[in-house]
Amino acid sequence: MKRLSVLFLVAVMSVMVGCTNGDSSVEVSSDTADKAEVKMAPKSDVYCVALGWQENESGQRQTVGYEDAFADFGIPADKVMWSNANYDAKLQSEQIDAFIKMNPKALFVTPSDPAGITQAVKRATDAGIPVFVADAIIAGVPAVTSICSNDFGMGTWSMKWIIDQIGGKGKVAVIDLPSNEAWDLRGQGARYILSQYPDIEVVANWSWDSTGAVTPRQAVENMLTANPNAGDLDAIWCAWDGAAMEGALAIQDAGRADEIITTGIDGGEYAFEIMKDDGVFALTMAQSIYYMSYNSVRYAKDYLDGKQVPRFIIAPVYAATQSVLKAAPSDAFNYDIPGKADEYGWTPVL
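For the sequence shown, our numbering gives the first residue as 1, with consecutive numbering after it.
Be aware that a few hints might be false.
As the list claims (entries may be wrong) - Cross-link-like lysine-lysine pairs, in silico, PhoX-like; alpha carbons within 25 Å at most: (1) K301 <-> K101; (2) K101 <-> K90; (3) K276 <-> K160; (4) K105 <-> K43; (5) K301 <-> K43; (6) K340 <-> K79; (7) K340 <-> K276; (8) K43 <-> K122; (9) K105 <-> K122; (10) K43 <-> K79.
Since the hints were made in silico from the structure, they are not lab data.
Just so it is clear, the structure is predicted and the values come from calculations on it, not from any experiment.
Generate the whole structure from the sequences, applying the supplied hints.
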């Protein structure tokens with residue numbers, strides 16, 4: 001209940017951005033939040049977490065990593081303020097400006113879009129607030145520590161895996177995420193590999209839009225309709241697991257499970273359970289999502305204690321296939337807790 005109250009408070013503050021409330025207001029010009037002038041309170045004892053999203057398993061896993069780390073490193077829950085931008089960079093910028101006004105001890109950010117929130121995060125660092133970024137790098141912003149996966153590498157690795165599975169020739173479709181600068185790197189990596197294989201034909205492309213009406217499942221259904229025969233489509237590369245899972249359902253319902261595979265990126269309990277029983281969703285690049293947020297708090301604590309901390313960390317990524325998951329223990333979804341993957345005998349591919 002306490003956390004819900006905090007979320008409500010931040011939501012209210014975000015709505016109030018642009019209004020005047022004496023000297024403690026966050027003043028935003030009418031045309032863009034990027035020109036905001038933030039007036040700060042004295043340094044507080046709170047920590048602020050600006051989540052870019054929380055609606056899917058990866059966003060929820062990030063949250064658990066933060067919560068566990070706050071508990072483990074002695075930061076009381078009532079000293080942590082949260083916001084969720086639901087993939088909206090403008091909203092997240094406004095939420096960050098509201099947090100700047102609080103003058104927190106540290107600001108943690110999972111970017112809805114790194115490019116879209118750059119100016120807001122820069123305002124935080126310019127104000128002297130230590131910033132710790134998970135799941136991306138925000139170019140041009142001097143964050144204390146940034147922890148992320150090799151997004152370009154996940155795109156290259158998974159597309160090369162598809163090409164190997166279909167024998168170096170065939171027809172593929174691509175579902176990407178260009179609306180987020182970091183996630184767009186996955187699609188760029190996939191296309192880089194495709195450029196090296198002239199016998200692979202891309203028969204369909206679709207880009208997810210959080211404001212659009214078409215779901216990944218509907219996009220795949222459209223692809224199946226446009227490519228109705230065996231051999232018309234061999235694999236669908238997806239930039240995230242949600243699309244791979246929805247695509248697999250569409251493929252199964254169309255009776256084409258023996259023709260087409262999907263691949264994704266993220267990992268996690270739900271994806272792993274689906275993959276164990278589903279030969280269509282064949283590979284996920286399992287990111288260390290918990291690792292990112294947990295270690296963001298770890299290094300914030302070290303930094304505030306006066307210790308040297310790393311500026312940039314590449315989080316490990318594991319290639320999870322059906323055979324790997326069937327051989328894994330029942331708690332394999334905890335692979336991204338530091339030390340757990342070693343217990344399972346898993347080796348990162350990136």
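Each hint, compared with the structure:
{"no.": "1", "hint": "K301 <-> K101", "verdict": "holds (21 Å)"}
{"no.": "2", "hint": "K101 <-> K90", "verdict": "holds (17 Å)"}
{"no.": "3", "hint": "K276 <-> K160", "verdict": "holds (22 Å)"}
{"no.": "4", "hint": "K105 <-> K43", "verdict": "holds (7 Å)"}
{"no.": "5", "hint": "K301 <-> K43", "verdict": "holds (16 Å)"}
{"no.": "6", "hint": "K340 <-> K79", "verdict": "violated (29 Å)"}
{"no.": "7", "hint": "K340 <-> K276", "verdict": "holds (20 Å)"}
{"no.": "8", "hint": "K43 <-> K122", "verdict": "holds (18 Å)"}
{"no.": "9", "hint": "K105 <-> K122", "verdict": "holds (16 Å)"}
{"no.": "10", "hint": "K43 <-> K79", "verdict": "holds (13 Å)"}
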